[in-house]
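These protein sequence lines are chains A and B, in that order. By the count of this note's numbering, the first sequence reaches residue 303 at its end, each step adding exactly one. By the count of this note's numbering, the second sequence reaches residue 477 at its end, each step adding exactly one.
Check the hints yourself; a few may be wrong.
What the hints assert, rightly or not - Stretch by stretch, here's where chain A covers chain B in the computed footprint (C-beta under 8 Å, at least three residues):
no.: 1; region: 330-341
no.: 2; region: 347-356
no.: 3; region: 362-369
no.: 4; region: 467-476
It should be emphasised that the hints constitute simulated quantities derived from the structure, not laboratory data. Ideal Cβ positions, reconstructed from N, Cα and C, are used throughout, including at glycine.
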Amino acid sequence: MNKLVIYIVLIGGLFIAAAPAQAVVNIFACEPEWGALATEIGGDAVSVYVASTGRQDPHQIQARPSLIARARNADLVFCNGAELEVGWMPVVLRQAANGKVQPGSPGYLEAASVVAMKDIPQLLDRAGGDVHASGNPHIQTDPRNFLPVADALASRLAEIDPVNGALYKTRHDAFVAEWRAAIQRWEAEAAPLKGMPIAVQHKSWIYLLDWLGLKDIVALEPKPGVPPSSGYLAEVLAKVKASPVKMTIRAAYEDGRPSQWLEQNAGVPAVELPFTVGGSDKAKDLFALFDDTVDRLVKGVRP
Amino acid sequence: MMRKNMAGACALGVVLAGMAPMHAHGAVTDEDLTQIRQAIKKLEQQHAEDAQHIKELEQRLKDSESRAVAAKDVAPKAQAGQTPISEIPVVTPSLPPDPQPLLSSVATPVAMSAPAQTGASASANAFNPAIGMTLMGTYSHFSHDPDTSPAPGFTLGEDAGSLGTQGFSLGESEISLSANIDQMFYGQLILSYPGEGGVEVEEGFIQTTSLPWGVMAKGGRFFSGIGYLNEQHAHAWDFLDAPLPYRVMLNNQLSDDGVQVRWTAPINSFLQFGMEGLRGEKFPATPTHDGVGAQSVFVKAGGDVNESNSWLASLAYYHADAEELMTGDDIFTGENHLGIAGLVWKWAPDGNFVERNLKLQSEFFFRRQEGIFNDLAYRGNQTGFYGQAIYQFMPRWSVGVRYDQLSAGDQGGDLAGTTLDNLGDTLQRYSSVLTYNTSEFGRFRLQYNYDDSAPQSNQGVMLNYTVSLGAHGAHQY
Chain A
1 MNKLVIYIVL
11 IGGLFIAAAP
21 AQAVVNIFAC
31 EPEWGALATE
41 IGGDAVSVYV
51 ASTGRQDPHQ
61 IQARPSLIAR
71 ARNADLVFCN
81 GAELEVGWMP
91 VVLRQAANGK
101 VQPGSPGYLE
111 AASVVAMKDI
121 PQLLDRAGGD
131 VHASGNPHIQ
141 TDPRNFLPVA
151 DALASRLAEI
161 DPVNGALYKT
171 RHDAFVAEWR
181 AAIQRWEAEA
191 APLKGMPIAV
201 QHKSWIYLLD
211 WLGLKDIVAL
221 EPKPGVPPSS
231 GYLAEVLAKV
241 KASPVKMTIR
251 AAYEDGRPSQ
261 WLEQNAGVPA
271 VELPFTVGGS
281 DKAKDLFALF
291 DDTVDRLVKG
301 VRP
Chain B
1 MMRKNMAGAC
11 ALGVVLAGMA
21 PMHAHGAVTD
31 EDLTQIRQAI
41 KKLEQQHAED
51 AQHIKELEQR
61 LKDSESRAVA
71 AKDVAPKAQA
81 GQTPISEIPV
91 VTPSLPPDPQ
101 PLLSSVATPV
111 AMSAPAQTGA
121 SASANAFNPA
131 IGMTLMGTYS
141 HFSHDPDTSP
151 APGFTLGEDA
161 GSLGTQGFSL
171 GESEISLSAN
181 IDQMFYGQLI
191 LSYPGEGGVE
201 VEEGFIQTTS
211 LPWGVMAKGG
221 RFFSGIGYLN
231 EQHAHAWDFL
241 DAPLPYRVML
251 NNQLSDDGVQ
261 VRWTAPINSF
271 LQFGMEGLRG
281 EKFPATPTHD
291 GVGAQSVFVK
301 AGGDVNESNS
311 WLASLAYYHA
321 DAEELMTGDD
331 IFTGENHLGI
341 AGLVWKWAPD
351 GNFVERNLKL
361 QSEFFFRRQE
371 GIFNDLAYRG
381 NQTGFYGQAI
391 YQFMPRWSVG
401 VRYDQLSAGD
411 QGGDLAGTTL
421 DNLGDTLQRY
431 SSVLTYNTSE
441 FGRFRLQYNY
451 DDSAPQSNQG
461 VMLNYTVSLG
471 AHGAHQY
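Bound-form chain A, shown alone:
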């Protein structure tokens, strides 16, 4: 028994000695869009690990051992917040037991905490499906939301790593200028979409719809997170026939069948959107994400 303790201490000591001196800020980003933003703002001064991909439902990520290892070594955990990660991050953070990145400390930042939230439920009841108490968490579908988040991230990075404070400010200002110009470009490209009636597969697009002025007439899920039954799809079909919609949009990680069914039965084009960085082949960074999203929307409209 005592020997074992000595061995463990020895091995532990070796690992601590072998750990490289802190050169860059290790960022643990929960979702690809926030990882991409961290790269934009941090540049070479940060090393970004992204916990999920654009092909995964961010509500349901496994609290994998690799995530615990990465969170244990992180200087900043940068998540979406608004309970999007409530099914996995609490376990990851508790098991990583890294004091630097626990909620409430400078090393923990939630993007949703600086964004004006929409869809805040009046009634908190799980009979309503997968509702989030602090509002619809999918804020990354509106590019304007990246501005306050970039702001918060840059100041947080400067707080954690004051030596590179000027670098973060410079990169932030450059990003913001470029991003504002891009937003104007996307708005111009998407102008024809204004006021257009569409269907959504899951209610994850409210920020995008508000931005571009699209109107969602119907959702293919009866309640958020509840897959449609055939009976419900028949209702949707009736609704769509009564008030036609121009397309159905869904995220890359979602099952394509409901929207494809509507395409076959009502001729409503099913449009798959990247939803986040890595959600499509083209969406390699934040700019490409919205280039591709707007492009797919404009091209997806039923003639």
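Starting from the known structure of chain A, fit chain B onto it as the hints suggest.
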């Protein structure tokens, strides 16, 4: 707001500066008077603008406050943002025309860290811990009495002689309370109603959240970290019952009072070492110890092979003293040495677990017992094993199969006819389960067991609901 105030102050400064010479000269011209009047007018205008701005901000603050109140009873939200709420751009259908950078002072982050949830009225309940409930109910039918099911060759704990409850039963319904205690600790209490009456503290511990160097310590009553299934709550298991080696060697699940220390290596792959000192209150230890009656050490490693595949392996050693442990009329006093090796593998296309996924899991048990059995010197080796596969073939639906096995060495001679007589048997069980999840919070399971772990083989069918209400803890891997 700041900027406007500054402008106001500057205007006032200009006026004062303009006034200074007047006193010096002693004479006031009409021009001066006009200037002063204009300056006052300008200030008044400024003031009106500021008042309007304040009004707007107050409205926004009010809105945020009502949001904050609405969000109150959710798990403690992270720090409320670094950007002052006044700097969050109003979301309007088009871009605000003002192109000035949002970030006014990156270099002085202190000035920016105003909380967004300002002065929201806090009631005494605002710090209530997260409360969650798990309700479980089962209807079981066994072909033979499930309560007389010895495992030939093994000393047993008090619950291990039963395969389940015939008919309707309330399984382990439990209430969990948890919260961060302060900047150092997290605490959790789980009270369970174990079916036969009374209330039991299933877990009640405090755990550090911010020790340096990747160290985590836990104290109180908790599920030991020696096995993959042991660390999980029974309601999170894929099958309704514990595999044979858990049932026989750990009396289903080992929870004990003590301390646990874990250290996670500072590398990008998961490597964790842990050790526990336990009271030794629970089987296979006996509750007569003064100090530390059981100890354990374990190591866990895991990682991602690629986006679709991940794994977790563990190796553990557990030692417990038993004093006059009774199994039927037989008495054992001695030592238990238990080793457990486990491997869990998870697969999902692109790592997206919602649509389809596969989970493979197996643990191997080796136990050596040394001591006095019914006044005879006894030394025996036993092994146990289970392997299971759970396949979620579409959202919400999954099927699973499991095979368990136990074998005890042949003691022969003087021990023939006692609980340690293995009757020449290898104990086995075959199980299958069908699971339907109504949502993340509710699931129904239908399980079939063919049990060959007792002299009389027994078939069982169980129909179960397991639901979770209120705060729902995140799932372990």
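Self-check item: chain A covers the region 330-341 of chain B, three or more CB atoms within 8 Å, holds or violated
Solution: violated (count 0)
**Report entry** Coverage of the region 362-369 of chain B by chain A (three or more Cβ within 8 Å)
**Finding:** violated (count 0)
Verdict on chain A covering the region 467-476 of chain B, criterion of 3 CB contacts below 8 Å = Our answer is that it holds, as 5 residues pass the Cβ test (under 8 Å) against chain A, meeting three.
Original post:
Per the coverage rule (Cβ-Cβ under 8 Å, at least three residues), is the region 347-356 of chain B covered by chain A?
Top reply: holds (count 6)
The structure shown violates the earlier hints numbered 1 and 3.
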